[in-house]
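Engineer: Sequence:
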Amino acid sequence: LQNQDHDAICGTSTDEVHQEMVMRYKKAQQIGAHVSMECFSRLLPYDERASKDDKYLFIFNPSPYERSDIVETDLEFFLQDVEVGLNPDVKVAPKLPPVDGFRLEDTDGKTIPCQIVSRGEGFGITYSKHDYPNQTLVDRFSILVSAGNVPAMGWKGLKIVKTGAPVQFPPSVHAGENFLENDFLKVEVSSDGAVRILDKLTQTSYERMNIFEDSGDVGDEYNYSYPERDERFESTHFQPVIHIIERGPLRASIQIDQTMVVPASASPDERNRSTGKAELAVSTVLSLTPLSKRLDFKTTVRRRRRP
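Numbering (the numbering used here), first residue to last: 676 to 982.
Some hints could be false.
Said to hold, decoys possible - Straight-line alpha carbon distances no greater than 27 Å define the calculated BS3-like cross-link-like pairs of lysine-lysine that follow: (1) 730 / 766; (2) 837 / 875; (3) 770 / 837.
These aren't lab readings, by the way, just hints derived from the structure by calculation. It should be emphasised that the depicted structure is a prediction, and the values quoted were computed from it without experimental measurement.
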């Protein structure tokens, strides 16, 4: 609630105010995560009983209705204990080899499609109410899972089976050099970075999406004030770099990178835009899953200029 006043929520206050807001949000997030962990621990152990447990994956549905969706989560396979502190009497077992592959099975033994997003070696930690946390070295996979018909306010358990090689699945969402497509949407990226979205169910076409505009503002944090001499730039004026970063089977993604060259700042008298130019890097990732009737956008702006 402290972050919701009319200046703070719309981003028009000073940097110091927004830095305090970030800390409040982080605090609320930590409290919420702890409360949810305590609730889930009544269903599944997360203390020392869960250490080295890489046999099952449980998916929870917090909605009051049955859901089928693509879920992103982590799988951690135990490699080695990590001894905390100095104890010469403790002998740590040798490190296990990395996992060659795995598959997920439902209660009927049916293999559930998944997609590996990333993989890396890291540290796993299991907390305890009675002892020090148990730390391990893990082979961590970030994955997408096709979670179908998870009951309302319920859960579904999947068995993790290690295999000799990664399991391959046919793609259920399609991607090309400049397009994404599922049963509901077709997305096309033009040579100037603009995006066209076709709703295949209604045949409605949304043209010239994902275009960014830069123009001048020499006012303060509350009031817009146009410069006496302004320049307007669109991202389509600059050549994009378009490439596929995910090809499925459960999520396909295209990344559009554009570097706009725009005035570096306001003029010294704060009445115009500066004559000097600077780069403004804009990167957008478009993502589509098989069941989604929407296109997800994630845009990152890297400013190399002063406001």
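Engineer: Measure nothing beyond the straight line between the CA atoms of residue 730 and residue 766; if it is 27 Å or shorter, mark the hint as holding.
Structural biologist: 25 Å, holds
Engineer: Keeping to a limit of 27 Å between CA atoms, is the pair of residue 770 and residue 837 held or broken?
Structural biologist: 17 Å, holds
Engineer: Quickly compare the C-alpha distance for residue 837 and residue 875 to 27 Å and report which way the hint goes.
Structural biologist: 39 Å, violated
Consistency note: the structure conflicts with earlier hint 2 alone.
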